[in-house]
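2 protein chains.
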Amino acid sequence: MKLRDENKIARIYKATLKLVKATGLSGVTMQAVAKEAKIATGTLYIYFQNKETLIASLFQACIKNSQGSFFKNYDAKAPFKVGFHTIWLNVLHHRLLRFEESLFIEQAFHSPYIDEQIKVEAKKMFEPLKELLARGKKEHLVKDVDNFWLTAFMIGSINEISRRVNYYNKKLNPEVIDLNFQLCWDGIKA
Amino acid sequence: MKLRDENKIARIYKATLKLVKATGLSGVTMQAVAKEAKIATGTLYIYFQNKETLIASLFQACIKNSQGSFFKNYDAKAPFKVGFHTIWLNVLHHRLLRFEESLFIEQAFHSPYIDEQIKVEAKKMFEPLKELLARGKKEHLVKDVDNFWLTAFMIGSINEISRRVNYYNKKLNPEVIDLNFQLCWDGIKA
DNA sequence: TTTATAAATGAATAAAAATTCATTTAATTT
DNA sequence: AAATTAAATGAATTTTTATTCATTTATAAA
Numbered sequence: 001m002k003l004r005d006e007n008k009i010a011r012i013y014k015a016t017l018k019l020v021k022a023t024g025l026s027g028v029t030m031q032a033v034a035k036e037a038k039i040a041t042g043t044l045y046i047y048f049q050n051k052e053t054l055i056a057s058l059f060q061a062c063i064k065n066s067q068g069s070f071f072k073n074y075d076a077k078a079p080f081k082v083g084f085h086t087i088w089l090n091v092l093h094h095r096l097l098r099f100e101e102s103l104f105i106e107q108a109f110h111s112p113y114i115d116e117q118i119k120v121e122a123k124k125m126f127e128p129l130k131e132l133l134a135r136g137k138k139e140h141l142v143k144d145v146d147n148f149w150l151t152a153f154m155i156g157s158i159n160e161i162s163r164r165v166n167y168y169n170k171k172l173n174p175e176v177i178d179l180n181f182q183l184c185w186d187g188i189k190a
Numbered sequence: 001m002k003l004r005d006e007n008k009i010a011r012i013y014k015a016t017l018k019l020v021k022a023t024g025l026s027g028v029t030m031q032a033v034a035k036e037a038k039i040a041t042g043t044l045y046i047y048f049q050n051k052e053t054l055i056a057s058l059f060q061a062c063i064k065n066s067q068g069s070f071f072k073n074y075d076a077k078a079p080f081k082v083g084f085h086t087i088w089l090n091v092l093h094h095r096l097l098r099f100e101e102s103l104f105i106e107q108a109f110h111s112p113y114i115d116e117q118i119k120v121e122a123k124k125m126f127e128p129l130k131e132l133l134a135r136g137k138k139e140h141l142v143k144d145v146d147n148f149w150l151t152a153f154m155i156g157s158i159n160e161i162s163r164r165v166n167y168y169n170k171k172l173n174p175e176v177i178d179l180n181f182q183l184c185w186d187g188i189k190a
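So the sequences go chain by chain: A and L. Mapping the first sequence onto full-length UniProt numbering, position 139 (from 1) lands on 139, and the numbers just tick up by one. Mapping the second sequence onto full-length UniProt numbering, position 75 (from 1) lands on 75, and the numbers just tick up by one.
Take the hints with a grain of salt, since some may be wrong.
It does not matter which identical chain is used: a pair holds within one copy or between any two.
When the alpha-carbon atoms are kept at most 35 Å apart in a straight line, the in silico DSBU-like pairs for lysine-lysine are as follows [as the list claims (entries may be wrong)]:
(1) 38 / 143
(2) 119 / 138
(3) 138 / 170
(4) 8 / 72
(5) 35 / 64
Hints in this document: simulated from the structure, not taken from any laboratory. This structure is a prediction, so every number in the text was calculated from the model and none was measured.
Please take these sequences and the hints and turn them into a complete structure.
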């Protein structure tokens with residue numbers, strides 16, 4: 001019996017992300033995905049029931065992937081600023097390195113392919129960050145502002161950095177990264 | 001001779017924006033637009049040569065529209081903080097009130113419908129803000145950071161506020177708006 | 001009024017995209 | 001090495017979407 005080439009799902013995801021970056025979600029056709037992934041169109045339907053399933057599965061994979069990266073090396077017991085800096089850098093690096101995924105998440109979020117259920121899950125992504133900010137407020141290091149807005153502030157500014165790096169292919173170096181962190185830090189600090 | 005109903009273009013734009021919010025750009029079909037605008041499909045082609053033209057025209061209209069709002073009541077001669085606050089509020093209000101347009105711009109930006117030329121134009125939108133920030137730096141009120149990153153910081157955090165207000169239909173009141181401004185202001189100030 | 005002209009219509013057509021399926025290929029088991 | 005099984009293929013089919021066009025409708029000018 002011929003075995004499934006499990007590596008194929010990764011190829012399909014990669015192809016889809018590449019197409020989303022190049023043409024947006026509206027440019028993603030099953031034929032184009034198959035061609036990019038160098039498989040036959042029919043093969044797509046062995047791995048995914050239909051287009052909706054493909055998009056929804058990739059969406060969940062991207063969310064999971066983000067969660068993994070954001071809190072890598074994060075130690076909840078480290079001093080507040082250390083922890084905050086770690087997460088800030090992790091989010092930035094993830095967005096920069098996996099810009100296609102961020103783009104896909106944004107576009108898929110507003111497509112008919114993703115249902116409410118999945119969106120609710122996606123929202124839980126930043127729980128550990130919210131806990132850290134709560135602690136920062138207790139320690140009087142962070143402004144007394146609702147976590148909802150503090151995270152919006154942090155994530156929003158990071159997203160825009162990565163968007164601009166990618167759109168205008170601006171280069172980042174450690175010094176510039178530091179300056180950008182300082183903007184965010186001065187914003188949230190009490 | 002029957003005259004063109006110029007109001008129809010506005011109806012078409014409105015319908016397109018509504019559909020983009022509901023289903024993303026990939027859900028925008030000419031039939032759906034026509035139905036939503038309560039005109040016949042053929043009529044769409046009287047006003048726009050084809051789908052690409054419709055999307056590109058709306059994109060330009062949205063950009064122009066933004067430019068108008070962002071610098072409304074802005075006085076380049078007012079004290080720095082006053083001017084900055086005015087623009088910050090204008091951008092926020094525009095994003096909140098015309099969220100569908102922001103969404104459309106984001107999605108269209110990465111679609112095959114918008115060519116490089118138009119994107120370059122869109123980039124010039126924030127020129128007056130950059131001038132203001134340059135002045136702020138001269139007056140030692142603003143951190144010595146490249147305007148590119150200062151605007152990214154400001155615009156990114158505002159965008160995320162409006163995104164969250166719309167996604168999670170969180171309410172904003174003047175007090176919360178002030179808190180959010182404070183985050184941004186403390187971030188950029190020297 | 002009548003005529004002329006362009007807008008508006010929506011069914012028909014063309015084009016593009018999603019999905020299926022009969023056939024082939026490759027790996028595993030007997 | 002034959003039989004078995006599921007993966008892989010890609011052309012054919014179905015479905016959806018873009019675009020056209022013959023016809024109707026409304027308005028301005030004659």
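Status of each hint after checking the structure:
no. : hint      : in the structure
1   : 38 / 143  : neither (52 Å within a copy, 50 Å between copies)
2   : 119 / 138 : within (30 Å within a copy, 45 Å between copies)
3   : 138 / 170 : between (38 Å within a copy, 24 Å between copies)
4   : 8 / 72    : within (27 Å within a copy, 53 Å between copies)
5   : 35 / 64   : within (26 Å within a copy, 38 Å between copies)
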